[in-house]
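Let's have the full structure, built from the sequences with the hints guiding it.
Protein chains: 2
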Amino acid sequence: MQRKYLAKIFVTLRPSVLDPAGVAVQSGLQQLGYNNVEQVRIGKYIELIITSTEEIKARQDLERICDQMLANPVIENYRFDLIEVETQTGVF
Amino acid sequence: MQRKYLAKIFVTLRPSVLDPAGVAVQSGLQQLGYNNVEQVRIGKYIELIITSTEEIKARQDLERICDQMLANPVIENYRFDLIEVETQTGVF
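Top to bottom, those sequences are chains A and B.
Residue numbers in the first sequence follow the numbering used here, run continuously in steps of one, and reach 153 at the last position.
Residue numbers in the second sequence follow the numbering used here, run continuously in steps of one, and reach 153 at the last position.
Treat the hints as calculated values from the structure; they're not laboratory data.
It cannot be assumed that every hint is accurate.
Identical chains share a label here; the pair holds if one copy fits it or two copies do between them.
Unchecked claim - In silico lysine to any residue, SDA-like type, Cα no more than 20 Å apart, as pairs:
{"id": "1", "residue 1": "118", "residue 2": "143"}
{"id": "2", "residue 1": "69", "residue 2": "116"}
{"id": "3", "residue 1": "118", "residue 2": "94"}
{"id": "4", "residue 1": "69", "residue 2": "108"}
{"id": "5", "residue 1": "105", "residue 2": "82"}
{"id": "6", "residue 1": "69", "residue 2": "146"}
{"id": "7", "residue 1": "65", "residue 2": "91"}
{"id": "8", "residue 1": "118", "residue 2": "87"}
{"id": "9", "residue 1": "105", "residue 2": "116"}
{"id": "10", "residue 1": "105", "residue 2": "76"}
Written out as structure tokens, the structure reads:
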């Protein structure tokens, strides 16, 4: 039986990698008066529906998908949560 | 007393807004042979440290920050989790 899973994927820069966009946001926030914000890091959040016969297969597919397309493993880490869904609605 | 909070912020396109980047990723995945993936939606995931005397004030600041800088409220939704942290480490 085919099951549908909602995958919530987080792609984040590795801690050792500089994040110029995060620095720009922090600097913009300081100009707006928010001096209480620091260490801004900007990553990606991806949701998708994946169909598979078993959760373990969906996880294997997702790891390959993240390595090949969603993340750059040289500078980024990723992690994901899988939630089985009945219908195709519910994304975002 | 000043408290530090780690904010995990999710910025996602409103469901009614087209996501060309998500469509491109889905099409790329199909070319790689992943025909079991659909409804790809790409959003932003932001982490930052915010300092405040109370959690309620940190939340109010974050809502303003999301409205003014991190999200475009016309086309995007946002939500965030706040976690009190002892030290400044632990971002990402």
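Query raised in the report: Which of the numbered hints are not met once you compare them with the structure shown?
Result: 9
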